[in-house]
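Below, each chain spelled out in residue letters.
Number of protein chains: 2
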Amino acid sequence: MTLMKPYEGEMPLNLDQMKWDSAGLIPAVVQDAKGEVLMVAYMNREALAETIDTGFGTYYSRSRQTMWRKGESSGNRQRVLGLRADCDLDCIVMKVEQVGGACHTGFYSCFYRKIEDGQLKIDAEPVFDVEAAYGKK
Amino acid sequence: MTLMKPYEGEMPLNLDQMKWDSAGLIPAVVQDAKGEVLMVAYMNREALAETIDTGFGTYYSRSRQTMWRKGESSGNRQRVLGLRADCDLDCIVMKVEQVGGACHTGFYSCFYRKIEDGQLKIDAEPVFDVEAAYGKK
Chain V
1 MTLMKPYEGE MPLNLDQMKW DSAGLIPAVV QDAKGEVLMV AYMNREALAE TIDTGFGTYY
61 SRSRQTMWRK GESSGNRQRV LGLRADCDLD CIVMKVEQVG GACHTGFYSC FYRKIEDGQL
121 KIDAEPVFDV EAAYGKK
Chain D
1 MTLMKPYEGE MPLNLDQMKW DSAGLIPAVV QDAKGEVLMV AYMNREALAE TIDTGFGTYY
61 SRSRQTMWRK GESSGNRQRV LGLRADCDLD CIVMKVEQVG GACHTGFYSC FYRKIEDGQL
121 KIDAEPVFDV EAAYGKK
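Chains V and D are the protein sequences, given in the same order. Residue numbers for the first sequence follow this note's numbering, so the first one is 1 and each next one is one higher. Residue numbers for the second sequence follow this note's numbering, so the first one is 1 and each next one is one higher.
No lab work stands behind these hints, which were simulated from the structure alone. Among the hints, a few may not be true.
Coverage of chain D stretches by chain V, computed from C-beta distances (three or more under 8 Å per stretch; other residues unrestricted) [to be verified]:
hint, stretch
1, 34-46
2, 65-74
3, 112-120
Nothing here was measured: the structure is a model prediction, and the numbers come from that model. Positions of the beta carbon are idealized from the N, C-alpha and C atoms, including for glycine.
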């Protein structure tokens, strides 16, 4: 087999080596222990450091332009079970234990719709009440 | 339960409704039938349309700035098993049957390293020979 370079076996994690994009972000794929993808969110260096440090999913909200401690208001926190980095160090996969649901629409996963036969079809049931979780909107 | 708006049940898939970013792209999370995440790549409108049309994973390569028909040179194609869209229509999750490996480094998944105890640790074995797949580099 051709040897892996430059990463052979084990190396210290250096957050400076992550390939942050021009906005200082990388995408983080969040899935549960069974492999269901719950959401894709973005982390800056601070959010990844805080996620590792606290053991709870922490992101950078591009729309609100602020740190986003998932579940801080809704209680739908994400306890980190494991973290992986990709070959290019420009993406993270994180396994979590999701309290309630991950999606702001009330579903367990943001990916509650399948694409099939030219249609977008909801094939999940909401797991929490968004008004109760976030307040009347 | 609070009702879902504006997407109730089923609606036609309209690629114009996807939230393409300023470069015309969305991230696509690619996982196998068991839920293991193989890679995260980017699709433009043409790549998503071709993926749906052909049933094989097709992306837009940001580094090469061209359509990327995964496996075209290596043979490591991805047969689409299912496609899902997220709440914001700015991300895709795709389940595939992966021939060989997804990663250009020879691993089945691009996420062949875990982050643990401040280290990046390889915890997978290569599944194909990159020289044989891509030619000597």
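How the hints compare with the structure:
1. Three residues within the 8 Å Cβ limit are the bar, and the stretch 34-46 of chain D against chain V gives 6, so the coverage statement holds.
2. For the stretch 65-74 of chain D, the stated coverage by chain V is violated: 0 residues have a C-beta nearer than 8 Å to a C-beta of that chain, whereas at least 3 were required.
3. Using a Cβ-Cβ cut-off of 8 Å, 8 residues of the stretch 112-120 of chain D lie near chain V, which meets the minimum of three, so the contact claim holds.
Going through the hint list in order, the structure does not satisfy hint 2, though it satisfies all others.
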